[in-house]
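Participant: Using the sequences provided together with the hints, build the complete structure.
There are 2 protein chains.
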Amino acid sequence: MEKVVIIGLGLMGGSIARDLKKLGNYHICGIDQNKTHAQEALQLGWVDDLVSIDKVADNHWVILAVPVNYLPSLAIEVLDRIHKDTIVFDMGSIKNPLCNAVKNHPNRSQLVAVHPIAGTENSGPSAAIHHLFKKKLTIICEPTSSCPQKLEKTIQLWKSLGARIHFMDAVAHDKHLAYVSHLSHISSFMLGKTVLEIEKDERQIFNLAGSGFESTVRLAKSAPPTWAPIFLENHENILQSLDEYIENLQQFRTLIFQQDEQQLSAIMYQCNHVGEILAGIALNNHQEP
Amino acid sequence: MEKVVIIGLGLMGGSIARDLKKLGNYHICGIDQNKTHAQEALQLGWVDDLVSIDKVADNHWVILAVPVNYLPSLAIEVLDRIHKDTIVFDMGSIKNPLCNAVKNHPNRSQLVAVHPIAGTENSGPSAAIHHLFKKKLTIICEPTSSCPQKLEKTIQLWKSLGARIHFMDAVAHDKHLAYVSHLSHISSFMLGKTVLEIEKDERQIFNLAGSGFESTVRLAKSAPPTWAPIFLENHENILQSLDEYIENLQQFRTLIFQQDEQQLSAIMYQCNHVGEILAGIALNNHQEP
Numbered sequence: 000m001e002k003v004v005i006i007g008l009g010l011m012g013g014s015i016a017r018d019l020k021k022l023g024n025y026h027i028c029g030i031d032q033n034k035t036h037a038q039e040a041l042q043l044g045w046v047d048d049l050v051s052i053d054k055v056a057d058n059h060w061v062i063l064a065v066p067v068n069y070l071p072s073l074a075i076e077v078l079d080r081i082h083k084d085t086i087v088f089d090m091g092s093i094k095n096p097l098c099n100a101v102k103n104h105p106n107r108s109q110l111v112a113v114h115p116i117a118g119t120e121n122s123g124p125s126a127a128i129h130h131l132f133k134k135k136l137t138i139i140c141e142p143t144s145s146c147p148q149k150l151e152k153t154i155q156l157w158k159s160l161g162a163r164i165h166f167m168d169a170v171a172h173d174k175h176l177a178y179v180s181h182l183s184h185i186s187s188f189m190l191g192k193t194v195l196e197i198e199k200d201e202r203q204i205f206n207l208a209g210s211g212f213e214s215t216v217r218l219a220k221s222a223p224p225t226w227a228p229i230f231l232e233n234h235e236n237i238l239q240s241l242d243e244y245i246e247n248l249q250q251f252r253t254l255i256f257q258q259d260e261q262q263l264s265a266i267m268y269q270c271n272h273v274g275e276i277l278a279g280i281a282l283n284n285h286q287e288p
Numbered sequence: 000m001e002k003v004v005i006i007g008l009g010l011m012g013g014s015i016a017r018d019l020k021k022l023g024n025y026h027i028c029g030i031d032q033n034k035t036h037a038q039e040a041l042q043l044g045w046v047d048d049l050v051s052i053d054k055v056a057d058n059h060w061v062i063l064a065v066p067v068n069y070l071p072s073l074a075i076e077v078l079d080r081i082h083k084d085t086i087v088f089d090m091g092s093i094k095n096p097l098c099n100a101v102k103n104h105p106n107r108s109q110l111v112a113v114h115p116i117a118g119t120e121n122s123g124p125s126a127a128i129h130h131l132f133k134k135k136l137t138i139i140c141e142p143t144s145s146c147p148q149k150l151e152k153t154i155q156l157w158k159s160l161g162a163r164i165h166f167m168d169a170v171a172h173d174k175h176l177a178y179v180s181h182l183s184h185i186s187s188f189m190l191g192k193t194v195l196e197i198e199k200d201e202r203q204i205f206n207l208a209g210s211g212f213e214s215t216v217r218l219a220k221s222a223p224p225t226w227a228p229i230f231l232e233n234h235e236n237i238l239q240s241l242d243e244y245i246e247n248l249q250q251f252r253t254l255i256f257q258q259d260e261q262q263l264s265a266i267m268y269q270c271n272h273v274g275e276i277l278a279g280i281a282l283n284n285h286q287e288p
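Those protein sequence lines, which keep their order, are chains A and B.
Using numbering that gives the first Met the number 0, the final residue of the first sequence is 288, and nothing's skipped along the way.
Using numbering that gives the first Met the number 0, the final residue of the second sequence is 288, and nothing's skipped along the way.
If you are wondering where the hints come from, they were derived from the structure by calculation, not from laboratory data.
Certain hints may be false.
[Stated by the list, open to error] So the derived label-pair ranges between C-beta atoms look like this:
#: 1; chain 1: B; residue 1: T35; chain 2: A; residue 2: Q250; range: 29 to 37 Å
#: 2; chain 1: A; residue 1: S159; chain 2: B; residue 2: K34; range: 54 to 62 Å
#: 3; chain 1: B; residue 1: Q257; chain 2: A; residue 2: Q249; range: 20 to 28 Å
#: 4; chain 1: A; residue 1: N99; chain 2: B; residue 2: A171; range: 50 to 58 Å
#: 5; chain 1: B; residue 1: Q257; chain 2: A; residue 2: P142; range: 34 to 42 Å
Where a beta carbon is used, it is the ideal one built from N, C-alpha and C, also for glycine.
Facilitator: Below, the structure is given as structure tokens:
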């Protein structure tokens with residue numbers, strides 16, 4: 000029986016707890032400052048016990064599943080306290096602030112920086128999903144900074160959850176994620192805001208939201224305590240991606256204003272290429288077990 | 000056996016052909032300038048015959064399923080030619096240019112202006128979907144301009160396809176659709192463009208496109224020959240919605256730049272309200288047969 004403590008029992012912490020529990024070989028303790036979330040996770044059976052932070056030394060695994068703004072200081076606190084055999088990994092959506100913060104810590108090699116690209120727009124332990132990580136790309140940043148045996152055990156744990164592992168530089172990770180994930184969330188939040196502002200009569204949204212709106216606005220349901228820290232911690236990359244997005248919208252606006260059908264169509268045909276790439280993703284997800 | 004001619008055999012024309020055929024009581028002829036689409040629709044069995052425009056007089060029903068920029072002139076040409084018992088309806092995403100164009104036509108009362116809020120990002124007759132209109136909101140604009148008996152028969156036909164009918168003013172329709180549907184498409188096209196521009200190495204998109212990106216960028220696969228005309232014909236409403244969207248993005252950008260976590264969170268909590276509205280839609284779709 001391996002002992003695990005999970006700090007942060009939201010969607011991500013709750014989902015990994017749920018999956019590890021199902022695998023059978025883990026005794027799982029949970030920590031959450033939010034007492035409602037902690038009690039929920041216990042009642043739902045995702046964790047066996049609730050403990051306090053001074054109990055982390057005692058475990059084979061410490062999993063950090065808190066919002067990204069708490070990660071760097073929490074990682075240092077945990078690395079300060081742990082036994083030499085303990086493995087620590089996080090599940091944060093940005094990696095460079097964390098990797099920078101622990102860079103010179105004497106126990107740096109006991110930490111593995113992990114980002115499973117998985118989630119939903121829902122939050123809290125009751126939103127935890129069985130098999131959330133199955134077939135999902137899971138990125139490990141700066142693998143050479145982790146102890147090889149601890150890295151290998153972490154990879155095995157994630158593979159047992161069904162994840163596909165990919166290594167990446169932390170700086171490159173944060174930049175790519177700004178474009179591919181964080182910008183999508185901002186675009187969706189602002190689309191929701193724009194529609195809510197004009198459609199004072201909600202029945203109109205209710206009635207007219209047919210094809211298209213639901214999928215583009217789905218991410219506007221995402222949890223602010225998760226996403227505000229991501230936008231702030233990764234602000235340099237996000238501001239750059241957002242500026243390019245706004246510039247593209249303004250150019251498209253100009254073409255509509257000028258009634259330039261030919262140029263509008265040419266740009267849309269370029270964008271259609273995204274479809275082929277996504278079809279490749281679907282194929283890849285289908286092929287890899 | 001009622002005789003139907005469908006002009007435009009793309010996703011929308013193909014889908015209604017397919018559903019009517021299944022109902023059994025219709026002989027369906029098709030017209031499409033695109034010979035590949037016409038032949039495909041014939042081979043797939045969505046239509047019984049291909050005919051030319053001078054054969055429209057001969058039918059009980061004429062269905063206009065062409066891009067919105069062709070609709071006004073085509074509607075006039077068809078109304079000029081038809082028998083007094085023929086019913087004409089269109090399936091266009093914007094309604095005011097059409098309603099304006101036919102306003103003073105002597106046969107105006109034979110036309111019903113219909114917009115089924117249904118579709119996918121795919122195009123052509125091979126993308127036609129059985130039951131595409133089932134449980135979907137279908138808007139009829141300016142119903143009092145149509146002959147009551149012809150309006151009633153049109154409503155019955157759409158109900159036989161499973162649609163839910165809603166009446167609306169054409170000007171209001173075009174404005175609401177700009178916000179709820181057309182803006183979603185532009186936001187998605189430009190998100191695809193921004194990501195394609197930065198991620199020159201497509202493997203990165205391929206690898207990193209996890210939760211979030213696929214749903215927000217799905218509409219970027221939509222067909223330019225359908226959407227360029229919609230953006231141009233509805234340009235006044237779309238420019239207004241686009242300006243408000245860009246303004247919201249710029250305000251959000253400023254808050255990220257100023258590291259104003261409190262205000263960012265407050266705005267995101269407002270946007271979360273979209274989730275409750277969409278949950279209402281899902282419930283409604285579930286309840287109404």
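Participant: Each hint: holds or not?
Facilitator: To see whether the hints hold, each was checked on the structure:
Hint check: T35/B to Q250/A, Cβ distance near 32 Å, so the stated range 29 to 37 Å holds. The hint said 54 to 62 Å for the Cβ distance between S159/A and K34/B, and at roughly 55 Å that hint holds. Distance hint for Q257/B and Q249/A: a CB-CB separation of about 22 Å, consistent with the stated range 20 to 28 Å. Taking the beta carbon of each, N99/A and A171/B are about 53 Å apart, inside 50 to 58 Å as hinted.
Between Q257/B and P142/A the beta carbon distance is about 36 Å. The supplied range of 34 to 42 Å therefore holds.
Checked against the numbered hints given earlier, this structure breaks none of them.
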